[in-house]
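**Q** One-letter residues, chain by chain:
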Amino acid sequence: MGKISGSRMLLKCLINEGVEYIFGYPGGKVIPIYDAIYDEKKIKHILVRHEQCAAHAADGYARATGKTGVCMATSGPGGTNLITGIANAYMDSIPIVAITGQVSTSEIGTDAFQEADITGITAPITKHNYLVKNVKDLPDVIKEAFYIASTGRPGPVLVDIPVDVQNALIDEQTKGEIDLPGYKPTIKGNLKQIKEAANKIYHSKKPVLFAGGGVISSNASSILTEFADFANIPVITTLLGKGSYPENKKLSLGMAGMHGTKYANMAFNETDLIIAVGVRFDDRVTGKLSEFAKKAEVIHIDIDPAEIGKNVKVNIPIVGDATSVLNDLFSEYKKLVEIKGKVNFDEWVNNVLDWKEKYPLYYDKDSNLIKPGYIIETLYELTKGDAIICTEVGQNQMWSAQFFKTLYPRTFISSGGLGTMGFGFPASIGAQLGRPDKMVFDIAGDGSFQMVSQELSTAVVNKIPVKIILLNNSSLGMVKQWQELFYKERYSHTCIEGCVDFVKLVEAYGGIGFRVKEKKEVREALKKAMEINNLVLIEFIIEPNENVFPMVPPGFPISEMLDHEKVKK
Amino acid sequence: MNHIISVLVENKSGVLAKIAGLFSRRGFNIESLSVGPTENEKISRITIVVNVDEDSIEQVTKQLHKLINVLKIQKLSPEQSIQRELVLIKVNTENKSRAEILEIANIFRANVVDVTKNSIILELTGAESKINAFEELLKPYGILEFVRTGMIACARGKKI
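These protein sequences, in sequence, are chains A and B.
Letter by letter, the first sequence follows residues 1 to 569 of the numbering used here.
Letter by letter, the second sequence follows residues 1001 to 1160 of the numbering used here.
Check the hints yourself; a few may be wrong.
Below 20 Å or equal to it, Euclidean Cα-Cα: the simulated PhoX-like pairs (lysine-lysine) are [claimed, not checked]: (1) B/LYS1096 / A/LYS310; (2) A/LYS184 / B/LYS1062; (3) B/LYS1042 / A/LYS133; (4) A/LYS504 / A/LYS517; (5) A/LYS358 / A/LYS342; (6) B/LYS1096 / B/LYS1066; (7) A/LYS249 / A/LYS405; (8) A/LYS313 / B/LYS1012; (9) A/LYS184 / B/LYS1117; (10) A/LYS44 / A/LYS205; (11) B/LYS1072 / A/LYS184; (12) A/LYS143 / B/LYS1062; (13) A/LYS335 / A/LYS195; (14) A/LYS310 / B/LYS1075; (15) B/LYS1096 / A/LYS184; (16) A/LYS136 / B/LYS1066; (17) B/LYS1066 / A/LYS188; (18) B/LYS1012 / B/LYS1066; (19) A/LYS44 / A/LYS463; (20) A/LYS184 / A/LYS365; (21) B/LYS1012 / B/LYS1072.
Hints listed in this document are in silico derivations from the structure and should not be mistaken for laboratory results.
None of the values given here were measured: they were computed from a predicted structure.
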């Protein structure tokens, strides 16, 4: 039997797992792996310009495709630069495998050059991690890493490989095996609970479905949609749940929470039953917890038992995979309907639809200035919703969530839990590589984009035709908005006017850029960008004082929303 | 309220750090902790005493379950389990107090494990309250060193 190096074995294992891309950056303690990558045809390595973006790109790839993303970095600073990206994936339960080089086993613990205890550092932000001390463990570890990352509640797994392990020899034929006696995610929900839930729904008067990222990651959107339409139950989503139910449908109430729609928040206030699927009742959704949905009982479906009852009291907990549980719930519900007759929630639905009509999302359509809402609505019209939208974090993110109706799962990619500025652009690179058939947009702010603008190089060199919609308001807008509303307009370090010519910047990297200053040019500019099969950045000079409304002030119940009118007064 | 959690884990490096880290970052204080191998060399047992309310203990247990290397978690009620700690106490015997100390040791059924001209080491096992009482009685003589393990516990009856 032939022997190969640990590095070759690593690539062999990755190919075995179906890995197409590694997003990475070389360094002293991964040279053997990069040497193996040099003539590997089956995996494409995408060289980023900063390791953080390797993790974000792997994350974006995973969100867009449903497959596990892979990123790689060297020991020490390479690994620590991955941290933000790993933490981001952890907070949003995204399957990525991060591979880091480590100093050789004999040097571990000696404060060797570029040594960092990366398994120690990442313990709180990974689902699991490994330090591979012997090459014979490598195939098992890689197999387990992918299994853990992609099953149950997905999440990042880090594998730290000392350089001597990368060089050590191992039998070519060694196959990895999974031996995880302590890891058994519950897939099928308890049938008794599901029957009780179906019964509860049947007898409720004002139910809402509340769908989160778990619906997307379980690929449960079609069953959720079927169920909602059959039972005539309005659907509210979280930010990460966008796409779990088509937002152009009548029953869609969009996103709830701090910057959610007024009608979604009103529905939470009035509902008598929340059917929560794959959500974690984050503070950005619930507002003041003690005031949240006080009239409602809660059915909570989640694959992670620790999420159930963590923030909100639950009447019927169901641990299981969203697809499996929703399938069972739907068939139980249908049985009830067959036996007892159809119930309709018409009165409640009409009520909710009245709110939807009465309190729509708003921006001043008559303004001569470029309103971000106008750009994003126009983009939705032009793409007919058939595009992948990545966002940065802040106002650009909330405007995107509000004004781009997400019609399909895995087409709205945004940093929810961690709220990482600079996520969108590298994520859009990963998403575009994973979905070459889709047009991918990064809706960015001038602040966020500057955190990762060096990746223009990655996109241009690798001919990744991402479209960057840069909403330039010359400020760190979301913080500025808080300063305006809650800090007496003391704009401490949030005005960043004139720091760079974005068009020249993108041109310097070899991409295409243009600037839009007039409202009447918006539509044409977007059309033009969509026709260019290359990296293109459009800088829109937007109305600098536009804020995101509605808004629930921090610490307030979600029933108390500020809107444009209230703030003017 | 004190809760006793008995956790079976895979005997792998870094597992204890992961468990301890989980407690600290979720804001739970560990009152006592003891780790040792089991009859199966691949499995260790960690007995943790944690002082939290009823809702939090639920959350602690669920979070512990999420650690990949955790195999089994048992919540032990004080009534339905046997709890023991071991203590080694080095007491000063310079003031001709050895006889009195030995008498106390006798009552508690503690063992004498070391004697010198002016000190004595006593070994005692028992539940927390017994050890606390023993400590109180010895305090007046001058405790030179007090070495106490974390609690270990075992459910009563055949049930495991």
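**Q** If a hint holds in the structure, say so; if it does not, say that too.
**A** Quick rundown of the hints versus the structure:
The straight-line distance between the Cα atoms of B/LYS1096 and A/LYS310 is roughly 59 Å, outside the 20 Å bound, and the hint therefore fails. Among the hinted pairs, A/LYS184 with B/LYS1062 is consistent with the structure: their alpha-carbon atoms are about 13 Å apart, no more than 20 Å. The hinted pair formed by B/LYS1042 and A/LYS133 meets the criterion: a straight-line CA distance of about 18 Å does not exceed 20 Å. Taking the CA atoms of A/LYS504 and A/LYS517, the gap is about 16 Å. The hint holds against a cut of 20 Å.
Among the hinted pairs, A/LYS358 with A/LYS342 is inconsistent with the structure: their alpha-carbon atoms are about 29 Å apart, more than 20 Å. Proposed proximity of B/LYS1096 and B/LYS1066 is contradicted: the alpha carbons are some 56 Å apart, above 20 Å. A threshold of 20 Å between alpha carbons decides the hint, and for A/LYS249 with A/LYS405 the separation of about 10 Å falls inside it, so the pair holds. Of the supplied pair hints, the one linking A/LYS313 and B/LYS1012 is violated, its CA atoms being roughly 36 Å apart against a limit of 20 Å.
For the hint linking A/LYS184 to B/LYS1117, the alpha-carbon distance of about 59 Å lies beyond 20 Å, and the restraint is violated. Distance hint between A/LYS44 and A/LYS205 is unfulfilled; the C-alpha atoms sit about 54 Å from each other, more than 20 Å. Taken as a hint, the B/LYS1072 and A/LYS184 pair is honoured in the structure, with Cα atoms around 12 Å apart against an allowance of 20 Å. Between A/LYS143 and B/LYS1062 the CA atoms are separated by roughly 25 Å; this puts the pair beyond 20 Å, and the hint is violated.
Simply put, A/LYS335 and A/LYS195 have alpha-carbon atoms about 10 Å apart, close enough for the 20 Å limit, and the pair holds. With a C-alpha separation of about 19 Å, the suggested pairing of A/LYS310 with B/LYS1075 holds against the 20 Å cut-off. Of the supplied pair hints, the one linking B/LYS1096 and A/LYS184 is violated, its CA atoms being roughly 62 Å apart against a limit of 20 Å. At roughly 26 Å between alpha-carbon atoms, A/LYS136 and B/LYS1066 are farther apart than 20 Å, so this suggested pair is violated.
Proposed proximity of B/LYS1066 and A/LYS188 is supported: the alpha carbons are some 18 Å apart, at most 20 Å. Of the supplied pair hints, the one linking B/LYS1012 and B/LYS1066 holds, its CA atoms being roughly 16 Å apart against a limit of 20 Å. Proximity of A/LYS44 to A/LYS463 is assessed by CA-CA distance (about 14 Å); at most 20 Å being required, the pair is judged to hold. Restraint check for A/LYS184 and A/LYS365: not satisfied, since their Cα atoms lie roughly 53 Å apart, outside the 20 Å limit.
For a cut-off of 20 Å, the pair hint linking B/LYS1012 to B/LYS1072 stands: about 15 Å separates their Cα positions.
Comparing the model with each earlier hint shows violations of hints 1, 5, 6, 8, 9, 10, 12, 15, 16 and 20; every other hint is respected.
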